[in-house]
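Novice: The residues making up each chain are set out below.
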Amino acid sequence: MIEDDLRAAFARREALTPPTGPVRAAIDRAVVRRRRRRLRLRLAGTALAVVAAALAGFTAIAPRPPETANLLATPSPTPTGALNVLLLGLDQAGTGRRADSVLLVHVPADRSRLYLVSLPRDLLVPIPGRGTDKLNASFAFGAGPSGKDLSAGYRATRQVVAQLTGVRIDAGAVLTYGATRELTDAVGGVSVCLPTAIRSYHTRRTYPAGCQRLDGAAAVDVLRQRYGLPDSGLDRDRNAGRYAAGLLTRVREQGVLTNPVLLSRLVTKVGPGLVTDTGELSLPALVSAAGNAASAEPVAVGLPVRYTEKQPYGFRLDPALAPGFLDALRADRLGEWTAAHPKQVTGLR
Amino acid sequence: MTYEEFADARLSALLRYAVMLTGDPHQAQDLVQETMVRVQLNWRRVARSDAPERYVRRMLTNQFIDWRRGSWARRVLLRGEPDEALPAPSDHAQSAVDRDQVWSWLSRLPRRQRATLVLRYYEDLPDAEIAEILGCAVGTVRSCISRALATLRAEYVEVC
Numbered sequence: 001m002i003e004d005d006l007r008a009a010f011a012r013r014e015a016l017t018p019p020t021g022p023v024r025a026a027i028d029r030a031v032v033r034r035r036r037r038r039l040r041l042r043l044a045g046t047a048l049a050v051v052a053a054a055l056a057g058f059t060a061i062a063p064r065p066p067e068t069a070n071l072l073a074t075p076s077p078t079p080t081g082a083l084n085v086l087l088l089g090l091d092q093a094g095t096g097r098r099a100d101s102v103l104l105v106h107v108p109a110d111r112s113r114l115y116l117v118s119l120p121r122d123l124l125v126p127i128p129g130r131g132t133d134k135l136n137a138s139f140a141f142g143a144g145p146s147g148k149d150l151s152a153g154y155r156a157t158r159q160v161v162a163q164l165t166g167v168r169i170d171a172g173a174v175l176t177y178g179a180t181r182e183l184t185d186a187v188g189g190v191s192v193c194l195p196t197a198i199r200s201y202h203t204r205r206t207y208p209a210g211c212q213r214l215d216g217a218a219a220v221d222v223l224r225q226r227y228g229l230p231d232s233g234l235d236r237d238r239n240a241g242r243y244a245a246g247l248l249t250r251v252r253e254q255g256v257l258t259n260p261v262l263l264s265r266l267v268t269k270v271g272p273g274l275v276t277d278t279g280e281l282s283l284p285a286l287v288s289a290a291g292n293a294a295s296a297e298p299v300a301v302g303l304p305v306r307y308t309e310k311q312p313y314g315f316r317l318d319p320a321l322a323p324g325f326l327d328a329l330r331a332d333r334l335g336e337w338t339a340a341h342p343k344q345v346t347g348l349r
Numbered sequence: 350m351t352y353e354e355f356a357d358a359r360l361s362a363l364l365r366y367a368v369m370l371t372g373d374p375h376q377a378q379d380l381v382q383e384t385m386v387r388v389q390l391n392w393r394r395v396a397r398s399d400a401p402e403r404y405v406r407r408m409l410t411n412q413f414i415d416w417r418r419g420s421w422a423r424r425v426l427l428r429g430e431p432d433e434a435l436p437a438p439s440d441h442a443q444s445a446v447d448r449d450q451v452w453s454w455l456s457r458l459p460r461r462q463r464a465t466l467v468l469r470y471y472e473d474l475p476d477a478e479i480a481e482i483l484g485c486a487v488g489t490v491r492s493c494i495s496r497a498l499a500t501l502r503a504e505y506v507e508v509c
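Those sequence lines, one after another, are chains A and B.
Quick note: the first sequence, position 221, residue 221 per the working numbering, numbers continuous.
Quick note: the second sequence, position 134, residue 483 per the working numbering, numbers continuous.
It should be emphasised that the hints constitute simulated quantities derived from the structure, not laboratory data.
Glycine included, C-beta positions come from ideal geometry on N, C-alpha and C.
One or more of the hints may lead you astray.
[As the list claims (entries may be wrong)] Each pair of labels, with its calculated beta carbon distance range:
1) Ile2(A) with Glu354(B): 37 to 43 Å
2) Gly188(A) with Arg397(B): 37 to 43 Å
3) Ser398(B) with Gly188(A): 50 to 56 Å
4) Gly131(A) with Tyr505(B): 47 to 53 Å
[Claimed, not checked] Computed, partial: chain A to chain B, Cβ under 10 Å:
5) Ile2
6) Thr20
7) Arg168
Let the sequences and hints guide you as you build the complete structure.
Specialist: Set out below in structure tokens:
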């Protein structure tokens with residue numbers, strides 16, 4: 001009957017089946033193309049400069065003339081108490097921009113040094129109105145599908161980070177590739193000490209293990225690399241910390257922090273790729289607070305996390321270490337904590 | 350199991366299945382290619398499932414059912430039917446025409462119903478497994494099949 005006719009019709013069409021060889025080859029070619037596209041979208045990481053941020057970043061507002069005047073005038077009360085500055089390094093321009101490098105700069109109340117706390121971009125966090133997703137996605141949700149509204153992206157990530165850590169974010173900056181490049185070149189290159197050699201996935205350049213001075217293009221290149229590193233994204237975050245520390249040193253050596261003219265010149269050079277938020281603080285006040293703290297070598301430390309082997313994949317807070325770490329961050333006792341947990345600290349030399 | 354082993358063992362079966370679903374070797378090839386690209390990119394997840402073969406078949410079926418959403422499916426098929434690549438009918442001419450009509454009516458069925466018929470009468474799968482592939486209840490599979498067969502029977506009556 002009709003069932004038999006169906007079976008017969010199907011059976012006769014078996015002859016139409018294309019040979020597997022060419023299909024297989026086409027699949028493999030398409031996979032290569034797709035992987036490349038995915039990388040291009042994701043890569044990035046830029047960790048940009050973050051720290052500079054700590055310093056120069058604040059200044060970013062300065063390029064506008066009235067602000068510059070304000071900067072030079074300097075009469076504003078210096079903030080007391082601990083400060084937290086959020087630095088975001090964006091991935092490549094395009095749709096759905098993400099913050100692939102997230103660095104929280106903690107300035108302790110005693111201004112003894114800066115703590116550069118890197119938050120892994122793959123950390124699973126509650127995002128208001130979006131359920132649980134990766135930390136770097138919060139920027140994309142805020143910045144919208146066009147990825148143009150960097151301030152909205154920053155605000156979204158700031159809210160998520162504030163919720164996660166329980167600290168108030170006093171100021172922050174967003175850096176694009178371009179801003180990082182300009183910033184690095186403007187200070188005459190940044191010294192970074194790499195624990196292992198890096199071969200760039202993007203430019204095929206090789207950066208040997210050990211200390212070297214990177215110019216703007218090389219710095220961006222290094223900050224984007226995560227493939228081939230032993231800890232992948234986490235190692236990239238550590239390199240961002242190393243870069244930030246090197247940049248701080250450079251900025252300090254040149255006296256930028258104590259010389260408003262140099263500072264405003266630097267900020268002007270970096271241009272519009274740098275978006276900053278100084279909250280209720282004035283720019284000079286922030287710079288002066290960070291400047292005092294920056295005279296000692298900073299401590300770079302990673303938020304303690306563990307990888308989850310079940311869906312959704314990503315990092316979660318390490319149940320053994322993270323509560324203590326976050327308590328220390330909130331209570332401004334990071335000095336004690338990092339002294340007690342040397343393994344969590346990134347080597348800068 | 351690696352992706353290579355899986356492709357070696359199952360690719361031709363998947364292609365045959367796709368031919369039955371789409372009724373066209375070129376579209377079948379596109380459908381399989383699109384699915385297998387995703388399989389390869391997400392191989393770890395596929396391999397972790399209880400039955401990778403069924404998992405992939407489910408991906409392929411969903412891809413077929415949803416194909417308007419994908420760009421590859423937006424192309425217009427310009428070839429006339431019936432397919433000239435078919436082996437010449439060896440038996441009575443009229444009966445061959447009738448049977449070919451079953452094939453062309455198939456293409457007018459909703460995709461989901463067509464997929465159900467292929468799984469039932471070509472792959473000879475039990476209802477429970479079809480339900481799993483389509484992601485619906487066993488009762489839905491049965492009603493889907495009976496509705497599809499009723500449509501085909503109605504066509505038969507019209508012709509005869």
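Novice: Look at each hint and say if it fits the structure.
Specialist: Hint-by-hint comparison with the structure:
| no. | hint | in the structure |
| --- | --- | --- |
| 1 | Ile2(A) with Glu354(B): 37 to 43 Å | 39 Å, holds |
| 2 | Gly188(A) with Arg397(B): 37 to 43 Å | 51 Å, violated |
| 3 | Ser398(B) with Gly188(A): 50 to 56 Å | 55 Å, holds |
| 4 | Gly131(A) with Tyr505(B): 47 to 53 Å | 51 Å, holds |
| 5 | Ile2 | 6 Å, holds |
| 6 | Thr20 | 5 Å, holds |
| 7 | Arg168 | 40 Å, violated |
Hint check: violations occur at hints 2, 7; the rest are consistent with the structure.
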